[in-house]
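Undergrad: Could you build all of it, start to finish, from the sequences and the hints given here?
There are 2 protein chains.
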Amino acid sequence: MFSVASINPTEARRMIRNNEWIKPTAGVANGYTQANLVVLPKELAFEFLLFCQRNPRPCPVLDVTEPGSWVPNLVAPNADLRVDLPKYRIYRNGVLTEERTDIIDLWNEEMVGFLLGCSFTFEHALMNNGIPVRHIEESRNVPMYKTNIPCVKAGRFEGPMVVSMRPIRRKDVVRAVQVTSRFPSVHGAPIHIGDPEQIGIKNIHQPDFGDPVTIHEGEVPVFWACGVTPQAVAMEVKPEIMVTHAPGHMFITDLRDEQFGVL
Amino acid sequence: MFSVASINPTEARRMIRNNEWIKPTAGVANGYTQANLVVLPKELAFEFLLFCQRNPRPCPVLDVTEPGSWVPNLVAPNADLRVDLPKYRIYRNGVLTEERTDIIDLWNEEMVGFLLGCSFTFEHALMNNGIPVRHIEESRNVPMYKTNIPCVKAGRFEGPMVVSMRPIRRKDVVRAVQVTSRFPSVHGAPIHIGDPEQIGIKNIHQPDFGDPVTIHEGEVPVFWACGVTPQAVAMEVKPEIMVTHAPGHMFITDLRDEQFGVL
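Residue numbers (my numbering), protein chains in the order written: chain A, 74 to 336; chain B, 74 to 336.
Don't read these hints as lab results, they were simulated from the structure.
Hints are not guaranteed to be accurate.
Since the list gives no way to pick out one identical chain from another, each pair is judged satisfied if it fits inside one copy or across any two copies.
Here are the simulated lysine to aspartate or glutamate pairs, EDC-like style, with alpha carbons at most 20 Å apart [said to hold, decoys possible]:
{"hint": "1", "residue 1": "LYS244", "residue 2": "ASP175"}
{"hint": "2", "residue 1": "LYS219", "residue 2": "GLU93"}
{"hint": "3", "residue 1": "LYS226", "residue 2": "GLU183"}
{"hint": "4", "residue 1": "LYS115", "residue 2": "GLU183"}
{"hint": "5", "residue 1": "LYS115", "residue 2": "GLU139"}
{"hint": "6", "residue 1": "LYS96", "residue 2": "ASP153"}
{"hint": "7", "residue 1": "LYS226", "residue 2": "GLU182"}
{"hint": "8", "residue 1": "LYS96", "residue 2": "GLU172"}
{"hint": "9", "residue 1": "LYS226", "residue 2": "ASP153"}
{"hint": "10", "residue 1": "LYS226", "residue 2": "GLU139"}
{"hint": "11", "residue 1": "LYS115", "residue 2": "ASP245"}
{"hint": "12", "residue 1": "LYS160", "residue 2": "GLU171"}
{"hint": "13", "residue 1": "LYS96", "residue 2": "GLU171"}
{"hint": "14", "residue 1": "LYS311", "residue 2": "GLU231"}
Since the structure is predicted, the reported quantities are computational estimates derived from the model, not experimental observations.
TA: Given below as structure tokens:
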């Protein structure tokens, strides 16, 4: 039986390219690393790369294209970033103006594509270690919160860190730290364990992005740096044009999750 | 008794700034991370940062200054990269033209300073684990070799990876991999274990840079990516001006070696 879970990344991207798959990519080509996309004009690229370098927890860079090129040579040398994501969002001067399934006409010689690690990788690692991930169990979006933790500024890019939250059983907290520490290039270890107020979160049941999830008796809220951070920060700079993936509609790389483990 | 080993980084940099210390920095402010310096004009900074991002094993970026600023805010916010290294090398159009103890007159608003992790950090970790480091025992420079492993190109920057070699007792090889894997931001795990020819090294007793060291019976040559790589690659681009630290005359940061351990 045909299953999108077991196809390889090249096949997955071909389906996406032909608009045969325009849904979220969770569960597609299982075991292969998926990535956030940010496309910016060259004029902002150095400052944005610097911002990512200074804030590796929320902004783990997996690949950056040469200016004008749509090929992510490190993570998928036969891919095309203009067509290989199921859905894109176009921001003009910091405002979302459009969603579409390709950006061929927008990509000119000034464009630089950034692929950033996403939490799917460490969530698989958690589940493989017997640690359930609540928003997946509840078929919701992960809850995300603005914090009082400032990112390190780089040129025009600055702002607070955004975190995602997963409730973890008290007995699993240490293992969750160990498991996610293995993957520094996809957000790595938690930013905070326990008290949401300590990092400026007033109401854990009202996330700033995504959906609330159930926190059971005996569970601890654990917070990881979130890939929404660089998008939120870039939007504040109000670039003439910026393109990102639509939430959940990620880029599928040729690399396996385990290849990002440092040990 | 006064000992340079036990002074703190601020004191060490003050001595260096006042030309009271113009020798190599090995053994100064023990336990604090030292870094390689590369200074390039802004025009080349994005491509160089991209090169480092694509080649994190030989080019682990610890900090990058804003263009024109000499302050490495992440690793030593009260330091001055123009005076806080004991000795600098000036390259013009790819040729070494000068060595000096400060670069105040060369630093203009176009200059960007890059600090890259150095092997001192993982060498301390090896020794703390009872694994001797031969070139330190023999008071020599570490042997370094050009390999047949190409770096990933970025703009004008390309070239082979340079590696350093440390002979390790057969029984310690696994532990050496574990110990250095903890420190991905200072070169991390070895690139190669065993046969030098596999990575294009013809004669292990004739390094391309540094000094040869003794390899005893029962020892295995183990190779790590080396921070000389980005300098060698940058020199090939022949920038109008490039400044680096003089070999062994490193920048001393405020951060402790252990803070770079991922687990």
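Undergrad: Each hint: holds or not?
TA: Outcome of the hint check:
For a Cα distance limit of 20 Å, the shortest separation of LYS244 from ASP175 qualifies neither inside one copy, at 45 Å, nor across copies, at 55 Å. Proximity of LYS219 to GLU93 under the C-alpha cut-off of 20 Å is found in neither arrangement, the shortest distances being 35 Å within a copy and 48 Å between copies. In this homomeric assembly, LYS226 and GLU183 come within 20 Å of each other (Cα to Cα) only across copies, at 19 Å, whereas the closest approach inside a single copy is 24 Å. Taking the closest pair of Cα atoms, LYS115 and GLU183 come within 20 Å of each other both inside a single copy (5 Å) and across two copies (18 Å).
When the C-alpha separation of LYS115 and GLU139 is checked against a cutoff of 20 Å, the pair qualifies both within a copy, at 9 Å, and between copies, at 17 Å. In this assembly of identical chains, the alpha carbons of LYS96 and ASP153 lie at most 20 Å apart only when taken from the same copy (18 Å versus 51 Å across copies). Taking the shortest alpha-carbon separations for LYS226 and GLU182, only the inter-copy value of 18 Å comes in at or below 20 Å, while the best intra-copy value is 27 Å. Within a single copy, LYS96 and GLU172 get their C-alpha atoms as close as 13 Å, which meets the 20 Å cut-off; across copies the closest is 59 Å, which misses it.
Proximity of LYS226 and ASP153 under a CA criterion of 20 Å is satisfied inter-copy only: 19 Å between copies versus 31 Å inside one chain copy. Taking identical chains as interchangeable, the C-alpha atoms of LYS226 and GLU139 lie at most 20 Å apart only when they sit on different chains, with a minimum of 10 Å there against 24 Å within one chain. Proximity of LYS115 to ASP245 under the C-alpha cut-off of 20 Å is found in neither arrangement, the shortest distances being 44 Å within a copy and 47 Å between copies. Taking the shortest alpha-carbon separations for LYS160 and GLU171, only the intra-copy value of 10 Å comes in at or below 20 Å, while the best inter-copy value is 54 Å.
In this assembly of identical chains, the alpha carbons of LYS96 and GLU171 lie at most 20 Å apart only when taken from the same copy (17 Å versus 60 Å across copies). In this assembly of identical chains, the alpha carbons of LYS311 and GLU231 lie at most 20 Å apart only when taken from the same copy (12 Å versus 34 Å across copies).
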